[in-house]
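Trainee: Spelled out, the chains give:
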Amino acid sequence: MTVALAMHDGLDRPPVKATGTAVRIAGVSHSFDKGDHKKPVLSHVDLTLKHGELVILTGPSGAGKTTLLTLVGTLRKLQAGSIEVLGTELLGLSARRQRQIRRRIGFIFQDHNLFDALTVFQTLKLASELADRRPGRSEMLDRAVEILSALGMEEYLHRRPGQLSTGQKQRVAIARALINQPKLILADEPTASLDLKASNAVIDLIKQRIKGQQASALMVTHDHRIFSVADRVVHMIDGQIAGQSFGFP
Amino acid sequence: MMTSPGLGIRLLAFNPARLLAAFAGIAVAVVIMFVELGLLVGVLDSQAIMADLVRGDLVMMSRGRTNLHKFNDFDRIRLSQIAGLSGVGEIIPIYQGTAGLESPEDEVIRRIMVVSFPAGHTPLAIGDEDEIARQLATPRTILYDRRSRPIFGNIVVGEDVELDGALYRVGGFVDIGPDIVNDGAVVMSEGAWLMRRPNARPIMGVIRLLAGADVAQVRERIVAALPDDVSVLTPVEVRDREVAFTLSSAPIGVLFGIGMLAGLIIGAITCYQILFNEIVDRMKQYAMLKAMGFSDAFLRRVILAQAVLLSCGGFVLGLGLAYSVYAYIAKETALAVQLSLTSGGIIFALAAGMSIAAGLLAVRRVRIADPAELY
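Those sequence lines, one after another, are chains F and C.
Using the numbering used here, read the first sequence as starting at 1 and increasing by one per residue.
Using the numbering used here, read the second sequence as starting at 1 and increasing by one per residue.
Fair warning: there could be bad hints in the mix.
So, partial list: chain C residues that the calculated Cβ filter (under 7 Å) puts toward chain F [claimed, not checked]:
#	residue
1	L11
2	F14
3	H121
4	Q285
5	M288
6	A291
7	L374
Not close to chain C: a few residues of chain F, all C-beta gaps over 12 Å, as computed [to be verified]:
#	residue
8	L47
9	P60
10	Y156
11	F227
Read the hints as simulated data drawn from the structure, not as lab findings.
For every residue, glycine included, the Cβ atom is placed at its ideal position computed from N, Cα and C.
Required output: the full structure, derived from the provided sequences and hints.
Mentor: Shown next as structure tokens:
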């Protein structure tokens with residue numbers, strides 16, 4: 001599918017022609033230094049993620065799923081191949097440009113990584129500092145309440161992480177990832193610490209954001225409960241894509 | 001909007017007990033620096049106290065008197081020689097020596113400095129001029145320096161004390177203050193001093209100029225009129241010369257400087273350790289911020305804000321402690337050790353510099369926070 005719409009990629013350069021592709025991974029290989037030898041973790045991976053698509057990466061431990069996620073998120077330097085994220089080629093990208101790309105991505109990690117000193121509202125407010133247009137306090141409050149309500153967390157607005165359960169902290173971390181309405185969501189086991197109800201709320205919110213904002217999500221998970229909401233499930237084994245499943249919804 | 005300093009301060013203030021302990025650590029370094037600087041300034045001030053006390057425009061001294069604790073005297077005729085010069089108003093000789101003062105409490109004889117000048121012409125700012133004149137006009141009366149070290153015992157007004165075996169009545173008190181050489185002082189009239197030492201010569205001549213006279217021009221005239229066995233300086237020059245002499249002749253500048261450096265290093269290490277622990281404890285959160293797109297500069301500002309908070313809190317706590325320590329030192333040594341705006345400013349600048357330097361070192365740690373490790 002090729003959508004010929006002009007969009008600005010948010011970086012310091014002219015708008016690029018979007019093709020409807022959020023992420024294009026082509027021939028990506030990656031290896032880690034293991035003493036005096038290199039251990040390959042990805043080998044010639046090709047994958048495309050379209051706007052509005054939710055793709056789940058699955059596979060056994062060590063298959064390279066997380067490494068692929070970090071490469072797409074510009075958290076790791078690309079060694080070989082090409083990755084285009086939101087219209088920007090990552091190979092050789094400066095640190096400043098990488099930061100600009102990351103500001104348009106919503107990261108959800110297995111650990112919540114919340115500052116113990118900040119309330120839920122302060123956490124979301126801190127994240128909103130990175131938005132292209134910083135909201136005022138009143139707008140910020142509305143946004144925070146809206147997103148927390150969707151996650152069943154609105155009553156915890158002024159609580160600190162120490163006053164929240166593990167699952168609640170994880171939902172705050174998810175709210176933090178989504179508060180700036182990212183164009184791409186990269187998530188690693190986002191529902192691992194959540195019960196079924198909370199998992200469903202999280203997935204519903206992600207799906208809603210994807211459809212509503214022409215965003216996309218690449219999610220690593222072993223949670224079969226949420227396979228059914230994915231547009232595609234990509235199976236990885238030994239650093240390569242072993243196959244894809246379509247048509248769950 | 002949450003600024004980077006705001007975030008840094010929130011993170012540091014989240015654990016008040018830890019923050020207080022951190023302040024205390026920095027405060028120790030601040031107190032060390034305050035004490036070292038206070039002692040240095042106190043010693044220098046005490047050594048130059050006579051120059052500060054001069055009530056006059058110029059001071060005549062023997063050229064051989066290179067510092068105020070060298071009692072080279074000069075011929076009294078030198079004072080008479082300049083009396084008629086244009087611009088010269090009053091010339092007052094000061095005599096100085098030591099005597100054995102017997103403590104009325106334990107009857108032990110200890111050396112005390114004796115300062116003497118003509119009754120009715122007080123050349124030093126040591127108390128009420130009229131009262132000093134009135135007392136010194138009374139025969140066999142001395143004035144006791146109330147800031148003398150307590151080794152001389154509790155000397156009260158109206159009491160008779162023995163100076164080198166001669167009895168004198170204590171007519172009142174003056175304020176001079178001891179230094180690291182002298183433990184105390186008494187003041188007597190020129191007449192009383194000359195009765196004890198008929199051949200005594202002045203060690204200082206305080207020259208007061210007529211109103212409107214130009215100090216530099218009058219000094220030129222005085223110098224031209226006198227042989228070069230005396231020098232003529234302003235009180236400020238005498239003080240500066242004394243400070244320079246003390247610093248060059250005794251290693252106190254080096255000693256107290258090393259003390260301050262030690263305080264600075266202790267403070268920097270403490271501050272670094274606190275910030276380092278703070279960063280290590282929140283390494284994942286800092287990595288998260290980097291993943292989200294916050295810059296290293298933002299993280300640097302977070303840490304530097306914490307460093308500044310530590311220096312401010314440590315300084316305030318240290319200032320309070322230093323105040324008590326100064327009071328104790330002043331009481332025990334009778335040296336002119338006191339907090340001043342200047343010394344406070346110097347120590348605050350050092351504390352802030354020390355904390356910021358520690359913060360910049362600690363920032364290196366946060367820079368290696370790797371967001372890729374979060375997955």
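Trainee: Look at each hint and say if it fits the structure.
Mentor: Evaluation of the provided hints:
{"no.": "1", "hint": "L11", "in the structure": "5 Å, holds"}
{"no.": "2", "hint": "F14", "in the structure": "3 Å, holds"}
{"no.": "3", "hint": "H121", "in the structure": "69 Å, violated"}
{"no.": "4", "hint": "Q285", "in the structure": "5 Å, holds"}
{"no.": "5", "hint": "M288", "in the structure": "4 Å, holds"}
{"no.": "6", "hint": "A291", "in the structure": "5 Å, holds"}
{"no.": "7", "hint": "L374", "in the structure": "5 Å, holds"}
{"no.": "8", "hint": "L47", "in the structure": "17 Å, holds"}
{"no.": "9", "hint": "P60", "in the structure": "16 Å, holds"}
{"no.": "10", "hint": "Y156", "in the structure": "18 Å, holds"}
{"no.": "11", "hint": "F227", "in the structure": "20 Å, holds"}
Violated hint for the displayed structure: number 3, the only one.
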